[in-house]
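*Asks:* Put the complex together from the two separate chains, hints included.
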Amino acid sequence: MSPSEQLDLLATLGYAVFERSSDESFRLLGAAPQWLPAGALTEVFPFLDVFLPDAEEFWANPGSLSMLHSDFWTQTGPAGEDLHFCAIAVAGERKLLLIECAPHRFEQTREFVHYAHQTKLAHDEIARLSRELKRATEAKSEFLARMSHEIRTPMNALLGVAELLSETELSDEQSEYVRIFRRAGDNLLNVINDILDFSKIEAGQVELECIAFNLADVVQEAIEIIGVRARAKGLCLNSEIRPEVTGRLTGDPGRLRQILLNLLSNAVKFTDRGGITVRVRLDQDQPEAGTLHSLHFTVRDTGVGIPPDRVSTIFDSFTQADASTTRKYGGTGLGLAISKRFVELMGGRIWAESMPGEGSTIHFTARFDVAEAASKSPAPKATAPALGNRTLRILLADDSDDNRFLVRGYLRDTGCVIDEVKNGAEVVELFRAGIYDMVLMDAEMPVMDGYAATRAMRALEKERAAPETPILALTAHALKEARDRSIEAGCTDHLTKPITKTALLEAIGRYAPVQPAADRIPVTVESWLKPVIPAYLEKRRADVQKLRVALEQSDYSTVRTLGHQMAGSGGGYGFAQLTKIGEMLEESALAEDAARIRDGIGELDRYLMNVVTE
Amino acid sequence: MVGAFGVGKTSLVRRFVDSIFDERYLTTIGVKIDRKDVSVNGKSLTLMLWDLAGEDDLAQLNVSHLRGASGYILVADGCRASTLEKAAELQQRVTEALGPLPFVLVVNKADLRDQWEVQGKQVAEYGWPTFETSAKTGIGVEEMFLGLAVTIIGRHAEREAGDQ
Chain A
1 MSPSEQLDLL ATLGYAVFER SSDESFRLLG AAPQWLPAGA LTEVFPFLDV FLPDAEEFWA
61 NPGSLSMLHS DFWTQTGPAG EDLHFCAIAV AGERKLLLIE CAPHRFEQTR EFVHYAHQTK
121 LAHDEIARLS RELKRATEAK SEFLARMSHE IRTPMNALLG VAELLSETEL SDEQSEYVRI
181 FRRAGDNLLN VINDILDFSK IEAGQVELEC IAFNLADVVQ EAIEIIGVRA RAKGLCLNSE
241 IRPEVTGRLT GDPGRLRQIL LNLLSNAVKF TDRGGITVRV RLDQDQPEAG TLHSLHFTVR
301 DTGVGIPPDR VSTIFDSFTQ ADASTTRKYG GTGLGLAISK RFVELMGGRI WAESMPGEGS
361 TIHFTARFDV AEAASKSPAP KATAPALGNR TLRILLADDS DDNRFLVRGY LRDTGCVIDE
421 VKNGAEVVEL FRAGIYDMVL MDAEMPVMDG YAATRAMRAL EKERAAPETP ILALTAHALK
481 EARDRSIEAG CTDHLTKPIT KTALLEAIGR YAPVQPAADR IPVTVESWLK PVIPAYLEKR
541 RADVQKLRVA LEQSDYSTVR TLGHQMAGSG GGYGFAQLTK IGEMLEESAL AEDAARIRDG
601 IGELDRYLMN VVTE
Chain B
1 MVGAFGVGKT SLVRRFVDSI FDERYLTTIG VKIDRKDVSV NGKSLTLMLW DLAGEDDLAQ
61 LNVSHLRGAS GYILVADGCR ASTLEKAAEL QQRVTEALGP LPFVLVVNKA DLRDQWEVQG
121 KQVAEYGWPT FETSAKTGIG VEEMFLGLAV TIIGRHAERE AGDQ
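From first to last, the protein sequence lines are chains A and B. Quick note on my numbering: the first sequence kicks off at 1 and runs consecutively. Quick note on my numbering: the second sequence kicks off at 1 and runs consecutively.
Calculated directly from the structure, the hints in this document are not laboratory data. These numbers come from a predicted model, not from an experiment. Each hint should be verified, as a subset may be incorrect.
Stated by the list, open to error - Derived pair list, reagent style SDA-like, types lysine to any residue, alpha-carbon separation capped at 25 Å:
1) 140/A to 113/B
2) 120/A to 89/B
3) 36/B to 74/A
4) 120/A to 62/B
5) 120/A to 81/B
6) 136/B to 80/A
7) 120/A to 136/B
8) 530/A to 429/A
9) 501/A to 157/A
10) 134/A to 113/B
11) 120/A to 113/B
12) 120/A to 14/B
13) 120/A to 21/B
14) 140/A to 116/B
As the list claims (entries may be wrong) - Label-pair ranges, simulated between beta-carbon atoms:
15) 81/B to 212/A: 46 to 52 Å
16) 96/B to 38/A: 39 to 45 Å
17) 292/A to 24/B: 52 to 58 Å
18) 9/A to 24/B: 34 to 40 Å
19) 92/B to 38/A: 40 to 46 Å
20) 24/B to 79/A: 20 to 26 Å
Said to hold, decoys possible - Here are a few chain A residues that sit away from chain B, every Cβ distance over 12 Å (derived from the structure):
21) 29
22) 272
23) 405
All C-beta atoms, glycine included, are put in the ideal place defined by N, C-alpha and C.
Chain B extracted, bound-state conformation (with noise of 0.2 Å):
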């Protein structure tokens, strides 16, 4: 999970972990590690999920901590336009040093819609695969997460089939 900070990384992973959401903001040091086993397509999948803190203006996010991800998730604050430019940059810095991985885009805050400053023109301008979630109510968190793991597995069936 990578993005600014603030824009609910740690609660994406609650809400998909532990079905929690806290109202409370709590800021992420380091690198929090979370396990979640879920079935995708009939199989069952272990996700270990990396929440980095989010960059600021007393960090920049560690790229070297996505080393051997399988993927990545880039999460946006609907309600701050700035959190997208942030995401865009963060795309392109994890691209350069670590190549193209999977990764969807996630603009959240879902639930409050009516004070998003990210319009939806400006996020299909990137054309990449996106979802609008919201880690309070849970809209589109599981979908995120799921799909997110399935673009991994096609990709790592592509390229077993690749090998062969």
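Looking at chain A on its own, in the form it has when it is part of the complex (with noise of 0.2 Å):
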């Protein structure tokens, strides 16, 4: 192809050729094109040095390139609309600037390029509503709490005083408003319960446990907890569990207790006569894979069932099977709803058969691991000690008169010794005495809240060198977060109100020192001294092990030097007790009197586990 050919050519495909003189101007070769406004280049075009900056130099010196090009740039034209150029310097024997009008590779172009950026910004806005819904279920979380623990803190006087009230001379007649009272308010926190329950699932936040358990355990538990009303009603419960089933199994018996308690609970509302029956079995679509056991449970009840149109929906969220139910048998329509999402979490699935009038099958499958056999028994479950006759000095914190009423009548016969105070503060002002035996602990109180009191005491104890004080946390916060907060705040454990007298009284002995504090010595030392005192005393504790051993051995010499340091060293840090027993045990090593060295270990012993500093 001629040169002039290929000029004839680049005009037919629509480029204005322009040649670079040596006098650096521009002059246009062949034909003009019809988009090419007239008039010198660097007048229709002035930016162009701005557009292909650096062609002077290519045209100069292209090393290994033939041609360079340009951005599109948009300018409007005679009649205002918009025109799409670009320019290509060549380089070769003659120095060419090829322009082009290319309105449908800029078309092209910006489709592609604006397809990219949809998609980018559709994902930063989902991106963006992610955050936003992250955001708005945390503030719903927190709305739960709050409102759960609004809830509950005013329930705990009612259901308390309720069960207070029951416990005096009543009339039939007022035992029987008791009874509605308290059965209305049992209600009242149960639907409280499921609806935490499922907006936790809701919201994700529900982890299953995986710990080791006894599925007979879990069956019966749960059997005997709806027994009392399944009894009251003339009903029948069984459980069978078949012998192929593991009995040993690893998962979150909680979970599946609550799952088997809803399905039983609902079987007994439903139920009028008959009988209710619990039966487990390996789930036969479901084949073993490893330690992993696929189980299927099935709640049979003879009640009035469920009509076929509605089976497939008793499992949504707040539906039952009629809208009657709600006002004929109560209930939130949760239950089983919680209880699928449960089952769900556990690898299974729920479902139901029912004839109406028959009666009906919830069936559903769970996925457990096979536990590793335990090496030994399992402990027995820590039953709480009885208060006895044990006087204790109870020091209660909470903000709500009512609830501290409460707390008061229900350990009004139990001889405990209370005093009370409003906030964490006085809280610890009173610790610091070292009298009392425990301390129960609201967590929200005005001045310093019982987190902040908690993590205060424990300090003074250490300082002091003191045994630590039982702890309850006694909050309305129900939540699992609520009890990790009271437990990493020191408290020794955390009791959710509303709070039966039962569960308190258990609490309590449970975590009442053997020995009261009214035994506490309190010793006062010099404040210089105080920081060293922890450790004095430890040392000292661990002379006890020694002493014992020491004497076990007939090692007289042990205890003598033991003694003698404990002479010499007890006065001087403000323990002039310690001194009197190191001098009764070195004189006692010197006379070889092993009856009397254990009378004075056994006095050393009770001394350190009681003594605080002041």
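*Replies:* Below is the structure:
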């Protein structure tokens, strides 16, 4: 193709072809395209040097390149329309500049980039919505926690006072009123718990536990809890676990119990005669995979049954088989929805079979790991020792007059001495006296909250090298996070309001020290010595064990040395009694009097158990 | 006009030059050049407005397109915090390549203020002359362009006085 033919072709393709002359001007070669306005190139395109800033250098020394492209630029045409151009510098014997008016290529490029931008913007929007959703979920959780707390606080007083009232002399009519009062309160509490559970599931905040448990225990506990209501209605309640089912599993026994309780509770509610049976067998549809065990549970009742068109919807939230069900039987309709979510979290499914008038069978499957064989039989459940005739001195902190009144009422006949305060700062102040056997601590109080107060008391104990006083958080915060927060602050346990009298007494009995605080021995020490006192007493406590070993081996020399050291140092640190015991041990060792040494060690042990510094 | 893609550079220019706002988003490719005659302090002035394609994952800002510019406008979208970071990054690159040119920061889409991720405190930390605009409603647009024009004129006057 000749150069002139090449120029014609380029013109046909829509390019305006200019040659860069030696005088640095541009000369149009060939025919002018239709789109090219009249005038000198630098007047028509005054910013060419900006779009091809390196053109001069390129023409002078193109290197391995044959062309240099500019970006697109858009400028207004004679009729006010947008025209899209790009420029190409071509190296060779002649310095050529091609200008292209490229509406189609421009649009294609724009469509491609536009698509990429829209995609990126959509991703950004999804990310933004996701962040907003997370914030909203957190706000919802916070709201639920707050509402739960605000409802539980007065519920504690309502249900507790009803319990106290039921213990007083009442006529039959009054007893019935109180019974209705308590039952309504319990139902309301169940509704609150259901809503909390459901919200946590919805927010994806439920994590299943993974601990070893005995399947039979879980089934039996559920049967026992529901048994009271079943017996009251004259219903039989049975359970059957097939022998091939492994008894010891790993999973979440609490949630499994909750599912069974929900199903059993419904079964009792909708059954007026006959009985209810819980069965557990291996899931035939799910072969065992390694240690994974898929179980099939059924809860069968002989109750009213479910209409066929409602069987598939009973596991939906806020759904009951019939709108009149709520009126007749009560409930939120959340129990089955919660059970369904728990079952799904356990890798199973839940469904119902029913014939109206003949009863219903709720099936669910769940997967558990087979637990390793326990090396020893599981520890028996800790049972709460009764308070007996122990007279405990309890420090009660709660800003609610009603709740303090309630605890006072619960403990009225126990002989416990109760000192009451309304905020954390007052708790810490009274606690300094070191006379309390236990602290019952509300979490949210003015001035200083229960968490800060607990931390302050634990620090005080550490400073005094005193044994830890049981601090029981007694709060209306029911979520797991609240419990974690109490324990992290140093509380011994976390009790949730509303609390029954039995539960409170059981907890106090469980944690009450065998040795009441009344036996404690306060010792005043110089303030400059306080930092070293904990380590000093720790060493003396270690001496107790050393003395016992020495006595067992008739090693009187060690007893004498330890006694001598104790006698020499005790008084100096402010513990005159330690000096006295040390002298006695030293003398007894010299006389090789084993009985007296034994008494001395016992006295030393008791002293170290009870001494508190001030 | 420089900034991330989709922050509203083209819409700001259209609002200023043609008093038009179009809801459709049309990606700018390369550079779009517009012209606007304005009067600043009684003097007529022609602004040549170079609307540069927004920087994205596909293409970087061609800083050479700012050669010869009297000043520039950094545009961020108040609804996307990342575009403010991008504006700050571009400011650094332009300064490195071309030295300290007059510029203003624009946080656009003031009509969607309730959806803004960009906080006033974040913007203030840069210590730059800043305008909040809405190309959609026109709020702050003219003030922003004229504000930059005044700064540029002031800079020129300073330079001329320095030369004399």
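*Asks:* Could you run down the list of hints and mark each one as holding or not?
*Replies:* Hints, one by one, checked against the model:
Proximity of residue 140/A to residue 113/B is assessed by CA-CA distance (about 24 Å); at most 25 Å being required, the pair is judged to hold. This hinted pair checks out: residue 120/A and residue 89/B have alpha carbons roughly 19 Å apart, not beyond 25 Å. Restraint check for residue 36/B and residue 74/A: satisfied, since their Cα atoms lie roughly 16 Å apart, inside the 25 Å limit. Simply put, residue 120/A and residue 62/B have alpha-carbon atoms about 21 Å apart, close enough for the 25 Å limit, and the pair holds.
The straight-line distance between the Cα atoms of residue 120/A and residue 81/B is roughly 14 Å, inside the 25 Å bound, and the hint therefore holds. As the CA atoms of residue 136/B and residue 80/A are separated by approximately 22 Å, the hinted pair is consistent with the 25 Å bound. A hinted pair counts as satisfied when its Cα atoms are at most 25 Å apart, and residue 120/A with residue 136/B qualifies at roughly 22 Å. Taking the CA atoms of residue 530/A and residue 429/A, the gap is about 19 Å. The hint holds against a cut of 25 Å.
Between residue 501/A and residue 157/A the alpha-carbon distance is near 12 Å, which keeps this suggested pair within the 25 Å criterion. With a CA separation close to 21 Å, the supplied pair residue 134/A and residue 113/B stays within the 25 Å bound. Between residue 120/A and residue 113/B, the direct Cα distance comes to roughly 21 Å. Compliance with the 25 Å bound is thereby established for this hinted pair. With a C-alpha separation of about 24 Å, the suggested pair residue 120/A and residue 14/B falls inside the 25 Å cut-off, and the hint holds.
Of the pairs offered as hints, the one joining residue 120/A and residue 21/B holds, with about 23 Å between alpha carbons and a cut-off of 25 Å not exceeded. Straight-line distance between C-alpha atoms of residue 140/A and residue 116/B comes to about 22 Å, which keeps the hinted pair within the 25 Å bound. Between residue 81/B and residue 212/A, the C-beta spacing of about 48 Å keeps the proposed range 46 to 52 Å intact. A C-beta distance of roughly 41 Å is found between residue 96/B and residue 38/A, which places it inside the suggested range of 39 to 45 Å.
Taking the beta carbon of each, residue 292/A and residue 24/B are about 55 Å apart, inside 52 to 58 Å as hinted. Against the hinted window of 34 to 40 Å, the Cβ-Cβ separation of residue 9/A and residue 24/B comes to about 38 Å, which satisfies the hint. A hinted range of 40 to 46 Å holds for the C-beta pair residue 92/B and residue 38/A, which are about 43 Å apart. Distance hint check for residue 24/B and residue 79/A: the Cβ-Cβ separation is about 22 Å, which falls inside the suggested range of 20 to 26 Å.
With 12 Å as the threshold on Cβ separation, the claim that residue 29/A sits away from chain B holds: the shortest Cβ distance comes to roughly 25 Å. Consistency note on residue 272/A: stated as away from chain B, and its beta-carbon is indeed over 12 Å from all of that chain's, at 57 Å minimum. With a minimum CB-CB distance of about 48 Å to chain B, residue 405/A clears the 12 Å threshold, and the non-interface call stands.
Violated hints: none; the structure is consistent with every hint.
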